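Residue numbers (this note's numbering), protein chains in the order written: chain R, 61 to 332; chain W, -1 to 683.
Quick caveat, the hints were computed from the structure, so don't treat them as lab data. Note that the structure is predicted; figures quoted are calculated from it, not measured. Here a beta-carbon is modelled for each residue, glycine too, at the ideal position from N, C-alpha and C. Check each hint, because a few of them may be wrong.
[Claimed, not checked] Listing some non-contacts, in silico: residues in chain W with all C-beta distances to chain R over 10 Å:
| id | residue |
| --- | --- |
| 1 | A167 |
| 2 | V342 |
| 3 | A366 |
[Claimed, not checked] Simulated restraints, written as ranges between beta carbons of each label pair:
| id | chain 1 | residue 1 | chain 2 | residue 2 | range |
| --- | --- | --- | --- | --- | --- |
| 4 | R | E232 | W | Y361 | 53 to 63 Å |
| 5 | R | A279 | W | G125 | 51 to 61 Å |
| 6 | R | F158 | W | R682 | 47 to 57 Å |
| 7 | R | F310 | W | Y153 | 30 to 40 Å |
| 8 | W | Q155 | R | R307 | 56 to 66 Å |
| 9 | R | G251 | W | I542 | 19 to 29 Å |
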Amino acid sequence: MIRIQHLLYKISLSVVFGLITSSLFAQLTMGAKGLGMGQATTAIPGYEWALFANPALLNSDNAAIGFYGLRNYGFAELTDMSATGSVPTKLGVAALGFHRYGDNLFSETRIRFGYKNDWQMLHFGVVANYNHISFGADYGSGGALGLDVGIAAELAEDLWIGARSTNVNHPEYGDIDEELAREMAIGFTYGLNELAVFAFDVVKDVRFPVSYRGGLEIAVIEDLKGRVGITTEPLSYSLGFGYGKDRWSFNFAVQKHELLGFSPGIDFMLYF
Amino acid sequence: MTVQLMRILLFAVFWVLLLFPATVYSQDTTSVEEQLEKAFEEVDAEESGVAGEQLIQFLEDLSSNPININRAGLDDLLQVPGINLKIARSILDYRNKKPFETSEELLEVKGIGPATYGRMQPYITIGESGTQLRDMYLRPGYWLANHKFDIFSRYQQNLETREGYTRPASSGGYLGSPVKYYQRLRMTTNHLSLNLTQEKDPGEVLTGVTGFDYTSGHIAFINNGKLNDLVIGDYSLSFGQGLVVWSGGTFGKGREVTGTVSKNERGIKPYSSAQETDFFRGIAASYGERVELTAFYSDRPRTASVISGDTTRFPSTNGFHRTMNEKERKNNVDQLTVGGRMRVDTRIGLIGVTGYYNSFSSYITPGASLSNRYSFQGSENSVLGIDYRGLLGNAFLFGEFARSQNGGHGAVGGVEAPIGGDTELAILYRNYQRDFQSFFASGFGESSSSPQNEEGFYVGLRHNLNQKITFSGYFDQYYFASPTFGNTQATGGFDMLGLTEVFFNSRLNVYLLLRSEIRDEEYVVTNDLGTEELRVGQEKRSSIRANFEYWVSSAVRLRSRVELVRHQEAGEEWKSGFLIYQDLRLQPLNKLRIDGRISLFDTDSFNTRVYQFESDLLYVMSNTVLYDQGQRAYLTVKYDATEFLDIWFKYGVTVFEDMQVLGSGLSEVEGNIRDSIGLQARLRF
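Could you put together the complete structure from these sequences and hints?
Set out below in structure tokens:
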């Protein structure tokens, strides 16, 4: 009985938050840097978590692995955890990612395999992502294979454009007849000067209102960066910082939703 | 192969081609497509279909047979978009001193700035400056000089089954297959044009080579001494400012705010389009230089709904003969037209007089609604008009006045003038009386149908702030003195456009476009007594678009667009629409061009619909209207397989959200997907 109540609580929590935040269940974009910059991640070149944003901008400089955790609105039940790894090769960049949201009663799991290359200064990437959703206590589960695509280009020095479209093959969770979220985003990133980078995205989920996202990253002192961002639909703002050396980096951000409160996120990256 | 399997294969091809291109490249011009987009981007497909298909053909033909600026006469120069009378005269003056050695020299001609040059560039050539062969009509070489043979074959099909194909013919279903097929044989030389066009629309029956629903042909003699044109067969006519006769498509209100309000007549043009109704069939000729005389005779069958006995509605423009009913009434009305024109090139400008007499074999009666009160009724009509184009200092003046047989008048007049070196102004006033009945006409105006029942004033201004930034805008106010469709009284309104274009460099340009339109509209309210009351309110529509275009390298072009639309019907709440798309053009080889696009749209209503102009098969007008919620993707490939063979391919798919059925009536489709395929080949030798 307790389990059922707990499950109903979880489901209702997810649905209510889903309705309010326009992103059903889990977050789609990962990484504390992106969170700190208002999730305007479509055109950030070499973004470590590009596998979850725009695969055309996967890091092609060095191999990297990273871990990320986000506690949505402070609820332990609404936690995102993910890991990513990417390897540049002669044939392009290959990346593998994992993401899990929820607990035993309700969970959403994603495994992503990405590939990126460039041709004629056009960066392009594709992600095959297996999504699995599970309701505990035998209430059902389902899986679906989605395909994301992205492109990007550097228009001028430090000015980038990126575009991505998720789940272009219109996948559905087989058993529970639920379609996966389909988003399209176009974004710009511009290095204002040596110290500051500005990013702006227009993001549209086919079923939800258009969301505008903007963020700024500023080099505060050596190796330490401060970040600020604003997102609409749902309206939120975020602050964060990152500290990094050649072989590792650490990022932290907190997002404040208008009604639901704070969501802290943290990631740790290693470079090889 | 099942349709489902075909879809999956096409989808796979789509992404493979989009993501894994080859490695060599080149670049070609896209100007024709861009100009069509500017002209038709906000026009519904059905409306643009009539004029658009002919205009696309006119511009593509002009682009593949560009005008030689060292040899062309005044009328030929005036065919080129961007060239008005003032510029044409300046070109003639310039080349009298010295021939053009490069096309960029046009920038030295007074009145031609980078924007105008950009518009005309695809349609002009320097060619060789030599004299024409004259009076050698008996030599085959004269008739065959610069000869080209084109053979087209085009197949298009919607991949879902529509209701019309499942219903038996006896219950109103379509008689033929869902394939749309078009073929064309054409030979052109410097002095000759021969053409045969045949088409079958979806649902129409095709029974062998002679069994096409639509067949059009002509033999034309062009530029033979003083005999400018002689066409036997199908032809189009466009004279003056279009108030008497204008077929073949025209630019109207759009992103080009100046230079498009006046019209440059094309005279007699041999007809080869697949648009089935907007042409004449018979014989037409024009003769002369300073004084040009034109005469035309046309007798062609038309299709109209029968009201009773020999009374019909006005002939239809859609050209569909798919069901038994449609087929039964095919060619049930005969239309005879005889007319002429005289145009004199005087010191003060070009002055023309045009007139025709037209008769139908049936008695035409319009519908009973108030908006049809002044529509043409009867079996005979004639229209006579006088038109003018001339220069006054730097200003280009144009105008036409016409009168229809019933006494109705139509008039249009305007001026296009440079103000200083960086600004252009266009002003136009039109007054088409409610009873002006000129059904071959296409005058400038708000209404897409023939000019009638409209008075309006247009002001357009374009200003180059510097070499990189251009501002354009127009304001157009209009008034309909008698009821229009859906209204019972006089209404009016205005629309305006503001455009800022920034050309950062030769590879990157961005524009921001704002449009707004407010017009009167009647709506019904229930008053305190519970009875319905008719009121006049305002219908408002506005949109804002950010468009970004960038050549990443000479082989890759990106285009991104975001557009927001808001609309409010009189007495109702605001509704909104949204479009976002990413477009990618790849030219991995000189011979290969690939266009792909993914769009996402979300509109609250049909009135907040969004339009996207698409790359398509050659001569196909593709302005897709999107409404409701969904996504669209398409892929167009053009491949020049050999020197004499070009191939086009297109696959487009639209997936709607939460829809079980799309369309209605015979077009109804089960499911939420609409996809179509097109394949075209052209042989040239």
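* Asked: R/E232 and W/Y361, beta-carbon distance inside 53 to 63 Å?
  -> holds (58 Å)
* Do W/Q155 and R/R307 keep their Cβ atoms within the hinted range of 56 to 66 Å? -> Given about 58 Å between the Cβ atoms, the range holds.
* Can you let me know if the beta-carbon spacing of R/A279 and W/G125 is within 51 to 61 Å? => Given a distance of about 59 Å, which is inside 51 to 61 Å, the answer is holds.
* **Range hint 19 to 29 Å (beta carbons of R/G251 and W/I542) holds or violated** => Taking Cβ atoms as reference, R/G251 and W/I542 lie about 28 Å apart, which means the hint holds.
* To do: With respect to the beta-carbon atoms only, verify the hint that R/F158 and W/R682 lie 47 to 57 Å apart.
  => holds (55 Å)
* To do: Over 10 Å to the closest beta carbon of chain R is the bar; see if W/A366 clears it.
  => W/A366 clear of chain R: closest Cβ-Cβ about 44 Å, beyond 10 Å.
* Could you check that no beta carbon of chain R comes within 10 Å of the beta carbon of W/V342? => Label holds. Min Cβ-Cβ 54 Å, cutoff 10 Å.
* **W/A167 non-interfacial with respect to chain R [C-beta, more than 10 Å]** => holds (36 Å)
* Do the Cβ positions of R/F310 and W/Y153 conform to the proposed distance bound of 30 to 40 Å? -> violated (60 Å)
In this structure, the one hint that does not hold is number 7.
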